[in-house]
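Here the protein sequences come in this chain order: A and B. Numbering of the first sequence is given in my numbering, commencing with residue 1 and proceeding in unit increments. Numbering of the second sequence is given in my numbering, commencing with residue 1 and proceeding in unit increments.
Careful, some of the hints might be misleading.
Part of the chain B face toward chain A, derived, beta carbon under 10 Å [stated by the list, open to error]: (1) D67; (2) L116; (3) E124; (4) W211; (5) G212; (6) F259; (7) G265; (8) P268; (9) P270; (10) G271.
Calculated from the structure, these hints are not laboratory results. Glycine is no exception: its CB is placed at the ideal position from the N, C-alpha and C atoms.
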Amino acid sequence: MKRLAPAMALMSAHALAQHSVRIENFTFNPPQVTVHVGEEVTWTNADDIPHTVTDGAATPPRYRSGPLDTGTSWTHRFTDIGIHRYFCSLHPHMQGMVVVVK
Amino acid sequence: MDSDENEGRRGFLRCMAWAGAGVLWTVSGGVPGSRLLGGAEAAETPGFSFVQLSDSHIGFRAAPNTDVTGTLGEAVAAIGRLDSRPALLIHTGDVSHLSKPAQFDTAFQVIGGAGLETHAVPGEHDMVDEDNGAPFFARFTKGAKHGYYSFDQGGLHFVGLNNVQDLRAGGMGALGQAQLDWLRADLRDRPASQPIVVFAHVPLWTVYAPWGWGTEDAAEALALLRRFGSVTVLNGHIHQIMQKVEGTVAFHTARSSAFPQPAPGTAPSPGPMKNVPPGRLRSLLGITDVRLVRGRAALAITDTVLA
Numbered sequence: 001m002k003r004l005a006p007a008m009a010l011m012s013a014h015a016l017a018q019h020s021v022r023i024e025n026f027t028f029n030p031p032q033v034t035v036h037v038g039e040e041v042t043w044t045n046a047d048d049i050p051h052t053v054t055d056g057a058a059t060p061p062r063y064r065s066g067p068l069d070t071g072t073s074w075t076h077r078f079t080d081i082g083i084h085r086y087f088c089s090l091h092p093h094m095q096g097m098v099v100v101v102k
Numbered sequence: 001m002d003s004d005e006n007e008g009r010r011g012f013l014r015c016m017a018w019a020g021a022g023v024l025w026t027v028s029g030g031v032p033g034s035r036l037l038g039g040a041e042a043a044e045t046p047g048f049s050f051v052q053l054s055d056s057h058i059g060f061r062a063a064p065n066t067d068v069t070g071t072l073g074e075a076v077a078a079i080g081r082l083d084s085r086p087a088l089l090i091h092t093g094d095v096s097h098l099s100k101p102a103q104f105d106t107a108f109q110v111i112g113g114a115g116l117e118t119h120a121v122p123g124e125h126d127m128v129d130e131d132n133g134a135p136f137f138a139r140f141t142k143g144a145k146h147g148y149y150s151f152d153q154g155g156l157h158f159v160g161l162n163n164v165q166d167l168r169a170g171g172m173g174a175l176g177q178a179q180l181d182w183l184r185a186d187l188r189d190r191p192a193s194q195p196i197v198v199f200a201h202v203p204l205w206t207v208y209a210p211w212g213w214g215t216e217d218a219a220e221a222l223a224l225l226r227r228f229g230s231v232t233v234l235n236g237h238i239h240q241i242m243q244k245v246e247g248t249v250a251f252h253t254a255r256s257s258a259f260p261q262p263a264p265g266t267a268p269s270p271g272p273m274k275n276v277p278p279g280r281l282r283s284l285l286g287i288t289d290v291r292l293v294r295g296r297a298a299l300a301i302t303d304t305v306l307a
């Protein structure tokens, strides 16, 4: 939350876009999204098997969704500029990326 | 593999599985072959036996199976109909679908209906709670707080491994150094003649890397098992039978009691096979019965379907 202040400032500079990632067939679709700092990404699981969205760059992970059952969603706000790699901790071959720009 | 060449020296393993209406799979030197059979050799030889259940996924309620508690109950009932009573029951993980205490409790109750001493290892679905598997360990691993442990029964040494903890992005199943160190110490003073049964959720051989169906550091564990004359590795995770023999090590994956998954690479993803024709589901679910055949250093593995 320490980056909240600059994020809030940016919010007034341009409208916040909503970004969605659909989880289907054991893939994150699209596998890469680019967002402005402070914007949110929402993942929705369309598979019959639960998946997670888990920080793939840090141990322990800085963010993780917990299990997303069929049809459920989880939203995370990205406040750090840079490349955020994530994966499904249930099926580690499933990987995705969020690129956060100014 | 010429069995005469190996018998009496280091023993040989013959793996058998009934699929549907009595197909016998004999895996020899890594090459599986099948033929129809009239009676199971394993059933003719009384001895120590145990049964394997896997991938119950209590909490799953989609196609092709909206009653996974019911099919687990049928699997337990099938255990009761075996010719001789197994000495114990092993569950190779994914007891639950979402690691919910209520799902664990339901599974515990249904599996308990078998009235058998039960040992389990976690699947990745049993470890998605906030506490990294603590609710599973409390119920199913008898105090082994990391989910791996060993015990002796019927002259066999059983080793339960946890290869679903702290998985890393892009990887497959993993044991980790601490567990490998524990395994080394556990096996160190055992005679090479003692049959070893290893059970873990994700296959300890790479079935299909693109779907993560393997264990990254399995080679290090298998190196520790190499000197033993009879090693049987039982896994789940892939919801179908696969077998392979490498030297004295026989690998076997069990069917699920909940839903089948596609053969490697035959579908866009490893998700449940939804379009199972009505009436055919139970022929794709099942239990595994493992029998020690005395004097022949062989473990016979028999898979039984629910219908």
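Verification of the hints:
For B:D67, the shortest C-beta to C-beta distance to chain A is roughly 15 Å, which exceeds 10 Å, and the interface hint is violated. With its C-beta approaching chain A no nearer than about 29 Å, B:L116 sits outside the 10 Å limit, and its interface hint is violated. Residue-level restraint check for B:E124 holds (minimum Cβ-Cβ distance to chain A is 5 Å; threshold 10 Å). Hint status for B:W211: holds, given a least beta-carbon distance of 7 Å to chain A, under 10 Å.
Given the 10 Å rule on beta carbons, the hint for B:G212 holds: about 4 Å separates it from the nearest Cβ of chain A. Nearest Cβ of chain A to the Cβ of B:F259: about 9 Å, under the 10 Å cut. The hint holds. With 10 Å as the threshold, the beta carbon of B:G265 stays out of range of chain A, its nearest partner Cβ sitting at about 13 Å, so the hint is violated. The beta carbon of B:P268 is positioned within 10 Å of a beta carbon in chain A (closest approach about 5 Å), and the interface hint is therefore held.
A cut of 10 Å between beta carbons decides the hint on B:P270: the least distance to chain A is about 6 Å, and the hint holds. Of the supplied interface hints, the one on B:G271 holds, with its beta-carbon coming within about 5 Å of a beta-carbon of chain A, less than 10 Å.
Hint compliance for this structure: hints 1, 2, 7 are broken, all remaining hints hold.
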